[in-house]
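Now for the letters of each chain:
There are 2 protein chains.
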Amino acid sequence: MSLDHIRIVLVSPIYGGNVGSVCRAMANMGLRDLAIACPRDLDLGEARKMACAGHEILEARRDFPTLAAAVSDCGLVMGATARVGLYRQHAASPRTLAPRILEAADTGRVALVFGPEDHGLSNDDLIFCTHVIQIPSSKAASSLNLAHAVMLCCYEVFLASGQFAGATEKSPEAPSHLRERMFAVWRELLLDVGFMDEDKAMHMMFGVRRILARGKLTEDDVRIMMGIARQIRWKIEHGAGEPPDDGGADPDGGADGPDA
Amino acid sequence: MSLDHIRIVLVSPIYGGNVGSVCRAMANMGLRDLAIACPRDLDLGEARKMACAGHEILEARRDFPTLAAAVSDCGLVMGATARVGLYRQHAASPRTLAPRILEAADTGRVALVFGPEDHGLSNDDLIFCTHVIQIPSSKAASSLNLAHAVMLCCYEVFLASGQFAGATEKSPEAPSHLRERMFAVWRELLLDVGFMDEDKAMHMMFGVRRILARGKLTEDDVRIMMGIARQIRWKIEHGAGEPPDDGGADPDGGADGPDA
Numbered sequence: 160m161s162l163d164h165i166r167i168v169l170v171s172p173i174y175g176g177n178v179g180s181v182c183r184a185m186a187n188m189g190l191r192d193l194a195i196a197c198p199r200d201l202d203l204g205e206a207r208k209m210a211c212a213g214h215e216i217l218e219a220r221r222d223f224p225t226l227a228a229a230v231s232d233c234g235l236v237m238g239a240t241a242r243v244g245l246y247r248q249h250a251a252s253p254r255t256l257a258p259r260i261l262e263a264a265d266t267g268r269v270a271l272v273f274g275p276e277d278h279g280l281s282n283d284d285l286i287f288c289t290h291v292i293q294i295p296s297s298k299a300a301s302s303l304n305l306a307h308a309v310m311l312c313c314y315e316v317f318l319a320s321g322q323f324a325g326a327t328e329k330s331p332e333a334p335s336h337l338r339e340r341m342f343a344v345w346r347e348l349l350l351d352v353g354f355m356d357e358d359k360a361m362h363m364m365f366g367v368r369r370i371l372a373r374g375k376l377t378e379d380d381v382r383i384m385m386g387i388a389r390q391i392r393w394k395i396e397h398g399a400g401e402p403p404d405d406g407g408a409d410p411d412g413g414a415d416g417p418d419a
Numbered sequence: 160m161s162l163d164h165i166r167i168v169l170v171s172p173i174y175g176g177n178v179g180s181v182c183r184a185m186a187n188m189g190l191r192d193l194a195i196a197c198p199r200d201l202d203l204g205e206a207r208k209m210a211c212a213g214h215e216i217l218e219a220r221r222d223f224p225t226l227a228a229a230v231s232d233c234g235l236v237m238g239a240t241a242r243v244g245l246y247r248q249h250a251a252s253p254r255t256l257a258p259r260i261l262e263a264a265d266t267g268r269v270a271l272v273f274g275p276e277d278h279g280l281s282n283d284d285l286i287f288c289t290h291v292i293q294i295p296s297s298k299a300a301s302s303l304n305l306a307h308a309v310m311l312c313c314y315e316v317f318l319a320s321g322q323f324a325g326a327t328e329k330s331p332e333a334p335s336h337l338r339e340r341m342f343a344v345w346r347e348l349l350l351d352v353g354f355m356d357e358d359k360a361m362h363m364m365f366g367v368r369r370i371l372a373r374g375k376l377t378e379d380d381v382r383i384m385m386g387i388a389r390q391i392r393w394k395i396e397h398g399a400g401e402p403p404d405d406g407g408a409d410p411d412g413g414a415d416g417p418d419a
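Top line first, the protein sequences correspond to chains X and Z.
Per the numbering used here, residue 160 is the first one in the first sequence, and the count goes up by one each step.
Per the numbering used here, residue 160 is the first one in the second sequence, and the count goes up by one each step.
Only chain X is shown next, with the shape it has when bound in the complex (with noise of 0.2 Å):
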């Protein structure tokens, strides 16, 4: 899996609870190979309060006394920086890089570079980077707080690889002959109760049918919005008394409706 050929560098970090807050981020975003170099004295309680299910990756770290060393096996070593000056001209997004990373990262490995957190990466770090990479931020305030830094590149490279699938519904966008049974049980409903007058029906149902086709209307949206209409016929109907049985629509196709 190309993830796993994605090392996440960080040079020289000073605080404990930023590298924790790391590890967070990587697990989350499915990397796992976390280097430190030239590391300075870390505060371990604080890394660990911060790593959560990133525990593992601060525990398995490795310590590497140059950046040299840290990115000696690395194809690709790209350099994140908030600056763009003399050296970084050429500095590209996470986002247009993420495919060349999961690329490289497909036959080789690759470092994502992290400077620390109170001047980033120096001209020295930044000779051994194949690619400066530049995280978009606001020009009134730039500087990234360092895990946040290496999340949005984690992130990136996460999406670009294709391995997140969102929510889905599990209802399918209803068909037109359902929408119709539902709006024309309105339309009864709303006469019904003198919402409109048969000469103003068209005129009105325009409308509501506007709003229920501004988004996307799922079967289970529309088998609510028919339980609702024929509900409330049939109360109109009989007035005081208990509801029948199958009155009541089942939002979730099979859970027991919102109330559950």
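Think of the hints as simulated: they come from the structure by calculation, not from any bench.
Note that the structure is a prediction, hence the values are computed from the model and not measured.
There's no promise every hint is true.
Identical copies carry no separate label here, and so any pair may be met within one copy or between two of them.
In silico BS3-like cross-links for lysine-lysine, where the CA-CA straight-line distance does not exceed 30 Å [said to hold, decoys possible]:
hint : residue 1 : residue 2
1    : K329      : K298
2    : K375      : K359
3    : K394      : K359
4    : K375      : K298
5    : K375      : K329
Assemble the complex: chain X is given as a structure, and chain Z must be docked to it using the hints.
Just chain Z, lined up with the frame of chain X:
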């Protein structure tokens, strides 16, 4: 400016450090309206430590007794969730929703709502949300740090706003005639030093051309490569001694060269 119409709403955040970190993320991404719904006692010292460029956002935050109050003037209300179960199946990613958020922020206010660190948004909170945002993450570790979750949403909105102009190379891509002058100088040099014979020259120059064609080659790049070849030829011709004043190339069209 429509980013000013986008409010970050934190429901009962627990850790001051996270709130400060949220403020910094907002500042980085050009947002500044922070609301806290159902606030708990907050460690403001921790918050201020993490806020950095977001300190004004932290001080200007507004507390609301309920989520309903915090979002009452907002058209779109988007709730962020890591889980996608009941009531969350229509969730969409921040990238998918970002254009919709900006469209709504053009004419009205939009709230992005995030639950407390331990449990996220409850169904009681979610009922106020017109949309559900699911932040992409690994199945093995889907729970994000609160500030990381806010950062990713703000980042997507900021990028979609088109306000970020990335680094641009001042030097344009080199035109063919400039490249050809460079290759001619290198061809002479490689013949001079005996790297190739005249009968292998075409074969070797195909190799050199391929190396230099793999990526974009700017006019500055060509000047560096041409300068190197010329300088070497001069050195070979003159042996030990001072190089000529105009021998070195100018890699950045005005700066003092790579060692400046």
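Output the indices of the hints that this structure fails to meet, ascending.
none
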